[in-house]
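Trainee: Take a look at the letters that make up each chain.
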Amino acid sequence: MSLAATAETGEAPQTRGRGDAIAAALAVAAGLFVLLLLGAILVSLLMGGLPALQQFGSAFLTRAIWNPVTQKFGAAVPIYGTLVTAILALVMAVPLSFGIAVYLTELAPLWLRRPVGIAVELLAAVPSIIFGMWGFFVIAPLMAQYVQPWCIDTLGDLPVIGDLFQGPPFGTGIFTAALILAVMIIPFIAATMRDVFLTVPPVFKESAYGVGCTTSEVMRAIVLPYTRVSVVGGIMLGLGRALGETMAVTFVIGNTNRISTSLFGPGNTIASLIALEFPESQAGSLKLSSLLALGFILFVISFVVLAISRLLLRPRLRA
Amino acid sequence: MKLSAAVLALSVCGIPVAAGAQQITGAGATFPAPVYAKWAEAAKGAIGIELNYQAIGSGGGQNQILNRTVDFGASDAPMDPSKLQSGNLLQFPTVMGAVVPIVNIPDVAQDKLKLTGDVLAQIFLGTITKWNDPKIAALNPDLKLPNLAIAPVHRADGSGTTYVFTTYLSAVNADWKDQVGASTSVNWPAGAGARGNDGVAATTKNTRGGIGYVENAYATQNKLVTTQLKNKDGQFTVPSMDAFTAAAGNGDWTHAQNYAVNLIDQPGAKSWPIVSATFIILPKDPKNADRGKAVVKFFDWAYTSGDDIARQLEYIPLPSAVKQLVREAWKTEVKGPDGKPVF
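As you go down the protein sequences, you meet chains S and U in turn.
Throughout, this note's numbering is defined as the position within the first sequence, counted from one, plus 2.
Throughout, this note's numbering is defined as the position within the second sequence, counted from one, plus 18.
I should point out that these hints are in silico values taken from the structure, not numbers from a laboratory.
One or more hints might be untrue.
Non-contacting residues of chain S with respect to chain U, defined by C-beta distances greater than 12 Å in every case (computed) [unchecked claim]:
#1 A29
#2 L47
#3 L48
#4 G119
#5 T156
#6 K207
#7 E208
#8 G214
#9 A277
Anything over 12 Å on all C-beta distances counts as not near chain S; from chain U, calculated [unchecked claim]:
#10 V126
#11 K153
#12 A156
#13 S323
#14 I327
#15 E332
Here's a subset of chain U near chain S, in silico, CB distances under 7 Å, partners left out [claimed, not checked]:
#16 A73
#17 G77
#18 N81
#19 G199
#20 S203
#21 V204
#22 N205
Ideal Cβ placement from N, Cα and C applies to all residues, glycine included.
Pulled out of the complex, with its shape left as it was, chain U reads as follows (with noise of 0.2 Å):
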């Protein structure tokens, strides 16, 4: 403790210090940036690593880390294949979160609702309009719904939240995938749109009949009322870590390109349906091997020591085994100018 303040105040003096706080940049994703400011706190004291994030956005970080102007890019979305390659790019997981959806109805209590994949497709395509639809009224024999008109809240602004959500639509219902389809921002069909998880919130909350999605770290802490979902064993599940953690123990890291697992609708009886990873990524060649090193560094840092930060925080840590994974890929993809790799 001393000796760090002592550091703070040499490099406050502008003194360069032997150990002295090593910078790097990172830009993207909005979602993990939470638990990436987290992290830099811990990592600043632990190894003397400074990083400076800038939730941008998942498409923003994509540009910035193409056009190589922050030392790695974050993006919910996983990149193009085929634009890592021609970026000599490095893709890999840092932590995996849950999306979950927020209802506004009279007397309906917090996880009561019961949903499934495709009843959810088809209200946010429009196509079921009432809460006392006998779709969703086959569902929930134990409630009373009443005839009340169905209000769709989305994200207006494009969002690795909206990427997440509508690819689960999509992988369970076919007229979602022909007519809507999955991308950060889609043409919605329904409903009304409003700006960042908070907006989704706020107006799903003031709308009688609202329904809207947000990642489940939000709707925790605001006490939104979330609902039960069918999972792909036919099982209805509440959102809960436990959950989250079952469908990420089920994906299929060994053989996912790049990393880019699949988590939506995980089979197995306890896993929560809408899961996915968020991803990082680092150039293979870093123009400056000290910078490429400290931030392997510091996402070593944050698998080792990272996890509980992450859980105070209900996002899911990797699975050990995947980590493992991507360790090797730092030690032999990421080289320095000389050809030697950085990790």
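Here chain S stands alone, though its shape is the one from the complex (with noise of 0.2 Å):
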């Protein structure tokens, strides 16, 4: 009997042990592939991109060109498009996220939040190609109809800001690939603001309106505050998403390398291009190595906006 027991309690523990330190050692292995996935692509993107930036230095960055016929690349178009069209989708989307997240944790009925806090997750759910063909094929014929002719006319003759509105309608362009990006970045926005007003200690917000706060002034002067920081990571995080979207803005960007003036002038962003240039590109080309080193570049924008993003949400999310 004891000699059994002795035999159990000494033997268990010892094949739990070789147990727990195979699934250890596993664990640290995916952990480590992750890391080492990571610095694999970003490795391979940079040694691709080199022969282009090796030939063209710094200017790679700031010379807007992109001409295949005398193998002149640069990357300033793309660049401007895509910080732009994500600026521009992050002014549509922020305000109309904020107002989400305040319906669905101060204002709206107890029996809907779920529902409409649903709805908007199910938006983030939607594969982008969906929101690429809706964009071309219904708000773009919109936007080249209706919306920009009139824009066109009665804005575009104004002095300073008649410049935003020049052009033929194209349909397509910056200010479309902007909308498309807003309403694709929306769900991530609003969500993680309702995730973190839902934060703010309750006793905080009884006691303002114990002493007859309004909603408005509760938002302003508790809420707000106490989530500003998280508020922005989640803003960074619909701009890390904004920045990296490819077939939505493919789409609905006009595709072309210039920098135009107007809102509805036609741009690129690097994603977009890297999908279009690439299959034309031939292997050993300058033009395959200046592809390559888009990527990188992108990599490492998108790479510093979701870090900053991370950082701000920590201290709110950790729960």
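Please dock the two separately framed chains into a single complex, following the hints provided.
Mentor: Printed below as a string of structure tokens:
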């Protein structure tokens, strides 16, 4: 009896210990594998892009030219397009997301909060190609036939801001791309804002209401100051997604390698330029190398934005 | 029919069949992909060769055959002669196609607008910006053209269609040649880009004042509004199979290096000015002689029996003299590992 017991107590922890060790080793390997993969992608992009970076030097970042005939390449137009569409998308998406979050946490009747919340989350699950097709076949014709001709005729002649509304009404362009991007990032920003608004301790809000504050005063004086850092983090998360979006943007941005002062002018983003030009790039050509260098630049931009977002969100979402 | 069904059933079961389908792989140009697919379907029944063709784009096709990852590559733009030489590759044409301008101008009907290559180039250069520009009006005295901004639409993805179109613009307009040039993708001075033939067609359709360019087959199938073009002989021609065939017949095939014949802006009163051939590139020393042989056999069959299929899809078959030239080249140049010709 006692022998059996010692055998049992002696053996069981041992096997469990071995199992634990194996599982732990596998988990560590899996974790390191992700790091390795990330590093390998970064290094292979850099290696591939090196010939272009050596050829053009730092001018690659600032030159607004993309000419496959003369083999002159620069990244300024796609970098500009990427940043402008993403920032315009934020300008449209942030107020709307804020409204959604306030409604869901403060104003909506309890029975409606779940359905609306789920609807917002479902919007995030729509594949980007669907947004692209919707943008190209529904939004772009609407823009081309109604919105843009009106804007060009009425606003195009105004001093200063007139430049923003020039050119033929293609329907596609920077503005349409930003609009589609805004719809795509709203669920991410709205969901993050709602989650961080819910982390505000009820006692703070109750005290504010207790001394006679209105809902807007509570939002301004209690909720926003308490969650400010996390809200910015959520916005950065949306920005990160907008920067890397490829398919939907490719459909509606107009795909032209020029910097246009008009909001309705066509442009290009890093991701859409890579998607379009890659199939016709010869192995070993300067063009392929330039595309890989662009990929590296996008990787770095997205990495920085997401890192900032993580840093800002960490204190609130740790729970 | 019964026999082929039995052969199919056997090969599905994984039992090797004596006359079993020989598999060959190819990759490249998207422009001839529909006709290659139809040929593959017909050839499988007729000669038992099964073609697996991946339309990954002309540049991709050239890369793949240089790396020898496929049995043949396909490209709309002829491969650089030095690359053909260093890769020990043979290039030959299969079919020809035409590129046509499409427009969206209120009250302008099918094939009514007359354009010259020079004016077309100036439109895409952005120097002619209104449809009632005197240069366009002078060509169309009987049309009432509106005071409407011209919205040029071009392919945003690299494509053989763009290569053909920009080659034409370079041939007829010196400014285009100096400032832009010809390639599968160029630095467009004006207008907006769209993805694929369908993207260009849809954007042109949606944009008042739009003008774009697509493969002829695409324009016919989708009933797009095409235009007339002035050819080298100074005649305005309507895009039609007759006009394309006339241009193709005038090409100087015998003197063209690697059959990279120039069919752009050919003389002849009836010739449509934007016609081009599409090419197959295959190794002269196939690693696997059986597969090399099957590739040649497939295209020999297509030359003999594939013309009707090509015409149905609005491609232009090669003149028979050209096919004979290519067959000679197969016999003398494509050799298996044992040094014997495979064809």
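Trainee: Just to be careful: measuring from the Cβ of A73(U) to every Cβ in chain S, is the smallest value less than 7 Å?
Mentor: 10 Å, violated
Trainee: Less than 7 Å between beta-carbons is the criterion; does S203(U) satisfy it with respect to chain S?
Mentor: 5 Å, holds
Trainee: At 12 Å, judged by beta carbons, does V126(U) keep clear of chain S as stated?
Mentor: At roughly 17 Å from the nearest Cβ of chain S, V126(U) sits farther out than 12 Å, so the non-interface label holds.
Trainee: When you look at the beta carbon of E332(U), is every beta carbon of chain S farther off than 12 Å?
Mentor: Answer for E332(U): holds, closest chain S Cβ roughly 24 Å.
Trainee: Quick check on the hint: N81(U) CB to chain S CB, less than 7 Å?
Mentor: The hint holds - N81(U) has a Cβ within 7 Å of chain S, the shortest such distance being about 4 Å.
Trainee: Far enough from chain S: is every CB of that chain over 12 Å from the CB of A156(U)?
Mentor: Holds, since 23 Å exceeds 12 Å.
Trainee: Can we trust that K153(U) is non-interface, i.e. its beta-carbon lies farther than 12 Å from all of chain S?
Mentor: 18 Å, holds
Trainee: Should the hint that N205(U) touches chain S count as held when the rule is a Cβ pair under 7 Å?
Mentor: 4 Å, holds
Trainee: So G119(S) supposedly isn't at the interface. Is its beta-carbon more than 12 Å from every beta-carbon in chain U?
Mentor: 35 Å, holds
Trainee: May I ask you to check that A277(S) keeps its beta-carbon over 12 Å from the closest beta-carbon of chain U?
Mentor: 8 Å, violated
Trainee: T156(S) clear of chain U by more than 12 Å, beta carbon to beta carbon?
Mentor: 16 Å, holds
Trainee: Can the hint on G199(U) be confirmed by a CB-to-CB distance to chain S that is less than 7 Å?
Mentor: 4 Å, holds
Hint check: violations occur at hints 9 and 16; the rest are consistent with the structure.
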